[in-house]
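Required output: the full structure, derived from the provided sequences and hints.
First to last, the protein sequences are chains A and B. Quick note, the first sequence lines up with residues 1 to 113 if you use this note's numbering. Quick note, the second sequence lines up with residues 1 to 116 if you use this note's numbering.
Rather than coming from a laboratory, the hints here were simulated on the basis of the structure. Watch out, some of these pointers could steer you wrong.
As the list claims (entries may be wrong) - Quick list of simulated restraints, FRET-style, between CB atoms:
1) B:Glu3 x A:Arg77: 24 to 34 Å
2) A:Gln17 x B:Ile113: 19 to 29 Å
3) B:Glu3 x A:Lys57: 37 to 47 Å
4) B:Thr95 x A:Leu69: 23 to 33 Å
What the hints assert, rightly or not - Each computed DSBU-like pair below joins lysine-lysine, with the alpha-carbon atoms no more than 35 Å apart:
5) A:Lys14 x B:Lys68
6) A:Lys71 x B:Lys42
7) A:Lys57 x B:Lys68
8) A:Lys14 x A:Lys71
9) A:Lys57 x A:Lys71
Don't be surprised by glycine CBs; every beta carbon is placed ideally from N, CA and C.
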Amino acid sequence: NAGVTQTPKFQVLKTGQSMTLQCAQDMNHNSMYWYRQDPGMGLRLIYYSASEGTTDKGEVPNGYNVSRLNKREFSLRLESAAPSQTSVYFCASSEFGMGNTIYFGEGSWLTVV
Amino acid sequence: KQEVTQIPAALSVPEGENLVLNCSFTDSAIYNLQWFRQDPGKGLTSLLLIQSSQREQTSGRLNASLDKSSGRSTLYIAASQPGDSATYLCAVRLTPSRGGADGLTFGKGTHLIIQP
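This is how it looks when you write it as structure tokens:
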């Protein structure tokens, strides 16, 4: 069972470079999310998508763009990377419902130098 | 804005002890609450989910309770083992009628070490 798959797992970028984190889920979920995790700050929501074709800002959207390419895929783009974007990024997916768990990918470790 | 607090931030106990991890949240209009486990360098594994209409959930040696009115949840681990060592995260999902972003609001976690 693949669940939520993220690529790449590790990436080092130079300040100002751009890159895209890819995420795919095979559970036919409508909702997908991108979080970042930083020491002392916990996990914070960057963007989410309630369904194919829709995206909304979370708590920390500045410096990021997202695309919900289809129901399976939700990508996160850094247009001009900054050292403050050094973090671990997690993609997640869920159905919306009181009893529905949110499932997380394994994470992408990004370092901006 | 929903805020989630976990106490203690770190805990070290001998193997075999029963222990309680605490989670509090400021907005009681929650949809559900989840407890996760995170091992170093790994993703999040869902342990238990409690719906807003429920009071507790159990899975093996784990029991999670929810008191919505007081904004509190506890995770009880019975007969702790060294393999339980990890960071435990509490997260709440707001009810849709509240508006705002969907998704989970996380606490900063409790780092648990079980000494052999």
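- [ ] Determine which of the earlier numbered hints do not hold for this structure and return their numbers in increasing order.
- [x] Those not satisfied are hints 2, 3 and 5.
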